[in-house]
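Student: Taken in order, these protein sequences are the chains called A and B. Read left to right, the first sequence gives residues 1 to 336 (the UniProt record's numbering). Read left to right, the second sequence gives residues 1 to 336 (the UniProt record's numbering).
Just so you know, these hints were derived from the structure itself, not from any lab. Just so you know, not all the hints are guaranteed correct.
Copies of the same chain look alike in the list, so a pair counts if it fits in one copy or across any two.
[Said to hold, decoys possible] Derived lysine to aspartate or glutamate pairs resembling EDC-like cross-links, with alpha carbons at most 20 Å apart:
(1) K97 with E269
(2) K83 with D62
(3) K165 with E247
(4) K97 with E266
(5) K3 with D95
(6) K248 with D286
(7) K248 with E295
(8) K273 with D324
(9) K180 with D29
(10) K270 with D249
(11) K3 with E186
(12) K319 with D28
(13) K3 with E84
(14) K319 with E11
(15) K278 with E176
Computed from a predicted model, the values in this text were never measured in an experiment.
There are 2 protein chains.
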Amino acid sequence: MLKFDENVYRENARLTFETREEIENIADDITKEGFTNIFFISVGGSISIMWPIQEMLKQLSDIPVFSEQAGEVILTGHRQLTKESIVVMASKSGDTKETVACAEWCKAQGFRTVSLVGTPGTPLGAASRWVIPNRAKNGVEFEYMQLFLLVFKLLYNANQFHHYKRFADQLESLPESLLKAKEKFEPVANDIAKNYHHEPYNIWIGGGEMWGEVYLFAMCILEEMQWVRTKAVSSSEFFHGTLELVEKDVPVFLVKGEGKRRVLDERVEKFCKQRTKKLIVIDTRDYELDGIDDEFRWILAPAISSALLVDRLARQYEKYTGHDLDTRRYYRQFAY
Amino acid sequence: MLKFDENVYRENARLTFETREEIENIADDITKEGFTNIFFISVGGSISIMWPIQEMLKQLSDIPVFSEQAGEVILTGHRQLTKESIVVMASKSGDTKETVACAEWCKAQGFRTVSLVGTPGTPLGAASRWVIPNRAKNGVEFEYMQLFLLVFKLLYNANQFHHYKRFADQLESLPESLLKAKEKFEPVANDIAKNYHHEPYNIWIGGGEMWGEVYLFAMCILEEMQWVRTKAVSSSEFFHGTLELVEKDVPVFLVKGEGKRRVLDERVEKFCKQRTKKLIVIDTRDYELDGIDDEFRWILAPAISSALLVDRLARQYEKYTGHDLDTRRYYRQFAY
Numbered sequence: 001m002l003k004f005d006e007n008v009y010r011e012n013a014r015l016t017f018e019t020r021e022e023i024e025n026i027a028d029d030i031t032k033e034g035f036t037n038i039f040f041i042s043v044g045g046s047i048s049i050m051w052p053i054q055e056m057l058k059q060l061s062d063i064p065v066f067s068e069q070a071g072e073v074i075l076t077g078h079r080q081l082t083k084e085s086i087v088v089m090a091s092k093s094g095d096t097k098e099t100v101a102c103a104e105w106c107k108a109q110g111f112r113t114v115s116l117v118g119t120p121g122t123p124l125g126a127a128s129r130w131v132i133p134n135r136a137k138n139g140v141e142f143e144y145m146q147l148f149l150l151v152f153k154l155l156y157n158a159n160q161f162h163h164y165k166r167f168a169d170q171l172e173s174l175p176e177s178l179l180k181a182k183e184k185f186e187p188v189a190n191d192i193a194k195n196y197h198h199e200p201y202n203i204w205i206g207g208g209e210m211w212g213e214v215y216l217f218a219m220c221i222l223e224e225m226q227w228v229r230t231k232a233v234s235s236s237e238f239f240h241g242t243l244e245l246v247e248k249d250v251p252v253f254l255v256k257g258e259g260k261r262r263v264l265d266e267r268v269e270k271f272c273k274q275r276t277k278k279l280i281v282i283d284t285r286d287y288e289l290d291g292i293d294d295e296f297r298w299i300l301a302p303a304i305s306s307a308l309l310v311d312r313l314a315r316q317y318e319k320y321t322g323h324d325l326d327t328r329r330y331y332r333q334f335a336y
Numbered sequence: 001m002l003k004f005d006e007n008v009y010r011e012n013a014r015l016t017f018e019t020r021e022e023i024e025n026i027a028d029d030i031t032k033e034g035f036t037n038i039f040f041i042s043v044g045g046s047i048s049i050m051w052p053i054q055e056m057l058k059q060l061s062d063i064p065v066f067s068e069q070a071g072e073v074i075l076t077g078h079r080q081l082t083k084e085s086i087v088v089m090a091s092k093s094g095d096t097k098e099t100v101a102c103a104e105w106c107k108a109q110g111f112r113t114v115s116l117v118g119t120p121g122t123p124l125g126a127a128s129r130w131v132i133p134n135r136a137k138n139g140v141e142f143e144y145m146q147l148f149l150l151v152f153k154l155l156y157n158a159n160q161f162h163h164y165k166r167f168a169d170q171l172e173s174l175p176e177s178l179l180k181a182k183e184k185f186e187p188v189a190n191d192i193a194k195n196y197h198h199e200p201y202n203i204w205i206g207g208g209e210m211w212g213e214v215y216l217f218a219m220c221i222l223e224e225m226q227w228v229r230t231k232a233v234s235s236s237e238f239f240h241g242t243l244e245l246v247e248k249d250v251p252v253f254l255v256k257g258e259g260k261r262r263v264l265d266e267r268v269e270k271f272c273k274q275r276t277k278k279l280i281v282i283d284t285r286d287y288e289l290d291g292i293d294d295e296f297r298w299i300l301a302p303a304i305s306s307a308l309l310v311d312r313l314a315r316q317y318e319k320y321t322g323h324d325l326d327t328r329r330y331y332r333q334f335a336y
């Protein structure tokens with residue numbers, strides 16, 4: 001696979017799963033202290049991978065869940081955000097400006113934060129009550145794994161996710177399946193990038209547990225790292241505006257989920273199939289998860305999608321556009 | 001003003017404000033019955049005008065507030081949505097498929113719905129516990145006025161918005177100020193539409209109480225009614241991806257709010273001013289609200305913005321594109 005080292009990937013998987021006990025202990029600690037609601041707070045890609053979990057919790061838990069953009073909530077506060085809340089944050093670099101400011105703001109008010117921190121010794125860790133070391137060098141799927149362990153252990157402790165142990169045990173085998181999925185997707189990614197990397201406008205659609213994925217790939221990868229123009233819209237909202245822009249030569253990328261809202265994705269698929277020659281469907285169902293029960297697939301679907309898109313498809317775009325994924329004109333290049 | 005009848009507008013204002021007592025009685029009724037949280041549920045433009053109010057309630061109220069897309073929530077449910085909730089819905093036509101289905105789903109489960117219904121005798125009204133007649137022929141600002149009356153009366157009843165009476169009294173004069181705002185904005189709208197109606201790609205930015213406005217205008221007006229390509233992003237999230245697409249010839253439309261998050265809009269403005277020759281700033285502060293206290297301006301800002309954009313700017317686009325605002329290729333043209 002292009003610019004991919006299987007050994008490093010397996011090592012990242014190992015480093016991630018190694019934190020299971022640490023994460024579970026943190027969850028138990030939080031449970032012991034008690035909490036009334038969960039706030040997912042971060043920015044950009046880090047908040048967008050929390051949205052899928054928020055969607056899942058709507059269905060799985062009685063605990064109220066809110067999500068906020070770090071730079072926004074410190075300006076307004078949120079009346080539901082109190083000392084009784086648990087704040088979940090994440091930053092790969094550990095020094096994302098808005099997230100660090102928010103963690104410090106939370107700390108000053110006695111709000112308890114648990115953070116996924118990708119870089120040890122960075123300010124986010126210092127401002128957080130609990131730190132989950134996000135040791136994998138890269139791979140959004142590993143961040144998902146840690147968030148799953150944290151949140152579903154909290155749910156288990158609250159008697160709201162009885163099969164936690166089975167879920168967490170099976171999670172260990174996820175990376176091996178994702179490796180196979182990446183391999184299977186590689187030629188598909190090559191074709192997609194080859195055919196569409198020069199498109200002047202791209203509609204990206206998904207919903208439910210997959211909305212964060214669509215948002216992340218369109219904005220944090222295609223826009224930020226490839227300077228490709230996108231419009232991301234949810235499968236349900238697509239029919240209230242964006243549909244009018246579909247024409248036979250407009251590329252539409254649909255990321256299908258495996259949960260209860262899949263019918264909304266299928267409606268998009270059916271509609272677009274008849275109206276554009278450039279419909280690209282990314283369906284996580286096409287990828288096997290060995291040793292993982294089917295009932296968990298809808299939960300893991302965003303991690304599959306990330307493994308395919310953020311990693312493989314991004315690399316293939318880079319190859320065809322010739323635009324290095326690390327090249328930015330503005331982002332973190334100077335103060336703004 | 002282009003395709004605008006002041007007398008009709010004043011009549012719409014009168015018809016709207018006439019419902020004040022009816023709305024307050026409904027709010028009192030709801031208060032008497034009691035409720036534990038508020039769910040804003042609708043689709044497209046109707047849900048997007050509820051988001052500003054959700055944003056406001058984060059700051060103003062201890063009542064937990066959630067918003068859901070009608071077509072989504074009926075597939076998954078939401079564990080916070082119970083018989084103790086109050087569901088707020090809206091549909092101008094009164095027959096929006098997803099909204100009606102959701103109202104019926106709520107009714108079947110004993111969830112109490114209060115709906116703004118634009119067309120009497122339509123299915124949404126039949127499925128709702130309480131109906132607020134949205135009598136104005138058009139004008140999103142009138143829907144805002146009714147939502148403000150409903151929600152802030154509920155807050156007043158809960159001792160969380162003490163100045164309700166003054167606010168509601170002053171609200172009566174809002175349309176007259178909006179009329180003046182429209183007149184002042186008319187030549188600006190003309191210039192914007194003239195200069196930018198042919199742009200192949202348009203970035204729309206706003207945040208906080210204005211995010212719904214940006215979302216609505218980009219998707220429900222420019223995309224749906226004008227087939228103009230857009231990317232809408234919040235002022236805070238802009239810096240986590242979309243910023244990389246700004247170049248000197250890329251049009252960026254910024255809708256500034258008047259609340260605590262205005263600093264985020266100002267950050268966007270400062271950044272974009274240096275990087276595109278095509279920065280268009282729509283600032284509600286440029287428009288006077290006679291007889292309305294300054295402390296209410298941030299609440300009314302989305303209504304000002306709607307009065308300018310959804311009405312005036314849309315008409316001016318129509319003039320230059322020659323694309324009738326009522327022409328659709330797909331939306332409601334056939335079953336899908």
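Student: Look at each hint and say if it fits the structure.
Tutor: A quick look at each hint next to the structure:
For the identical chains of this complex, K97 and E269 are inter-copy neighbours only, at 19 Å across copies versus 39 Å inside a copy, given an alpha-carbon limit of 20 Å. With identical chains, the CA atoms of K83 and D62 are at most 20 Å apart both within one copy (19 Å) and between copies (14 Å). For a Cα distance limit of 20 Å, the shortest separation of K165 from E247 qualifies neither inside one copy, at 48 Å, nor across copies, at 51 Å. In the homo-oligomer, the alpha carbons of K97 and E266 lie at most 20 Å apart only across protomers (17 Å), although the nearest pairing inside one protomer, at 39 Å, exceeds that limit.
Taking CA atoms no more than 20 Å apart as the test, K3 paired with D95 passes in neither setting, with 26 Å inside one copy and 52 Å between copies. Taking the shortest Cα distances, K248 and D286 never come within 20 Å of each other, neither inside one copy (26 Å) nor across copies (42 Å). In this homomeric assembly, K248 and E295 never come within 20 Å of each other (Cα to Cα): the closest approach is 37 Å inside a single copy and 50 Å across copies. When the C-alpha separation of K273 and D324 is checked against a cutoff of 20 Å, the pair qualifies neither within a copy, at 32 Å, nor between copies, at 27 Å.
In this homomeric assembly, K180 and D29 never come within 20 Å of each other (Cα to Cα): the closest approach is 36 Å inside a single copy and 59 Å across copies. Proximity of K270 and D249 under a CA criterion of 20 Å is satisfied intra-copy only: 17 Å inside one chain copy versus 36 Å between copies. Proximity of K3 and E186 under a CA criterion of 20 Å is satisfied intra-copy only: 11 Å inside one chain copy versus 54 Å between copies. In this homomeric assembly, K319 and D28 never come within 20 Å of each other (Cα to Cα): the closest approach is 45 Å inside a single copy and 62 Å across copies.
Taking identical chains as interchangeable, the C-alpha atoms of K3 and E84 are never at most 20 Å apart, the minima being 45 Å within one chain and 54 Å between chains. For a Cα distance limit of 20 Å, the shortest separation of K319 from E11 qualifies neither inside one copy, at 25 Å, nor across copies, at 61 Å. For the homomeric pair K278 and E176, neither the shortest alpha-carbon distance inside one copy (32 Å) nor that between copies (49 Å) is at most 20 Å.
Hints 3, 5, 6, 7, 8, 9, 12, 13, 14 and 15, counting from the list given before, are not met by this structure.
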